[in-house]
Amino acid sequence: NAGVTQTPKFRVLKTGQSMTLLCAQDMNHEYMYWYRQDPGMGLRLIHYSVGEGTTAKGEVPDGYNVSRLKKQNFLLGLESAAPSQTSVYFCASSWDSYTEAFFGQGTRLTVV
Amino acid sequence: AQKVTQAQTEISVVEKEDVTLDCVYETRDTTYYLFWYKQPPSGELVFLIRRNSFDEQNEISGRYSWNFQKSTSSFNFTITASQVVDSAVYFCALSPFYGGATNKLIFGTGTLLAVQP
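In the order they appear, the protein sequences are chains A and B. Counting in the numbering used here, the first sequence runs from 55 upward without gaps. Counting in the numbering used here, the second sequence runs from 268 upward without gaps.
Warning: the hint list may mix true and false statements.
As the list claims (entries may be wrong) - Label pairs and their in silico Cβ distance ranges: (1) A/G131 x B/G329: 27 to 35 Å; (2) B/S328 x A/S121: 34 to 42 Å; (3) B/T298 x A/V166: 42 to 50 Å; (4) A/E154 x B/Q324: 13 to 21 Å.
As the list claims (entries may be wrong) - Below, computed lysine to any residue pairings styled on SDA-like, alpha-carbon distance capped at 25 Å: (5) A/K124 x A/D150; (6) B/K305 x A/T61; (7) B/K305 x A/K124.
Since the hints were made in silico from the structure, they are not lab data. Every residue, glycine too, gets a C-beta built ideally from N, C-alpha and C.
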């Protein structure tokens, strides 16, 4: 059982570069989330999706874009990376917002 | 608006001590769910428990117990006879129950628990 898989696991970007983080789940979940984890800040919601073709802003959406073209995939894009986006990014999926969420292993992104 | 507050940033205990992790939440919803997740040093996030707003009974699972009090908007987590393997960051989280595009799972800032041998 793969569960939730994030690609890549590590990445170093230069300021101004762009990249896409991929999240794939094989549990047929409707809900998918992208969080960032920073020291002392906990897990902050960037964007989320309540189903294929839908996306919504979370607590800290600025500087990020997302797409959910297929139910099993949720992509997080950084158009022009900034050092403030250095963080660990977690993807999660669930049947609904009030059911258990399953998390990926995380992506450690460093922007220099 | 939803908000989860975990005022304890770090807690350090000696093995076999009992420890309580506090969680206070804010929501305008009458129906909602509360969660606890564990993040061990390896980094993955592990689901521990889910509780709905209509069920205020305390729950016990082995050395773990949870105290939900709607009157104080708190959902506290107690570990009895702590062990070194309990060392982790613990997150409390909140979600409304009804369907809709505004549903989202919001986390607190986490409490780092260090259990010393």
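Hint by hint, here is what the structure shows:
1. Between A/G131 and B/G329 the Cβ separation comes to about 42 Å, which falls outside the hinted range of 27 to 35 Å.
2. Range check, B/S328 to A/S121: about 39 Å between beta-carbon atoms, so the 34 to 42 Å window is met.
3. A hinted range of 42 to 50 Å for the beta carbons of B/T298 and A/V166 is consistent with their spacing of about 46 Å.
4. The hinted range of 13 to 21 Å is satisfied by A/E154 and B/Q324, whose Cβ atoms lie roughly 19 Å apart.
5. The suggested pairing of A/K124 with A/D150 holds, with an alpha-carbon distance near 17 Å, which does not exceed 25 Å.
6. Among the hinted pairs, B/K305 with A/T61 is consistent with the structure: their alpha-carbon atoms are about 22 Å apart, no more than 25 Å.
7. Only pairs whose Cα atoms come within 25 Å are accepted, and B/K305 paired with A/K124 is rejected, the gap being roughly 30 Å.
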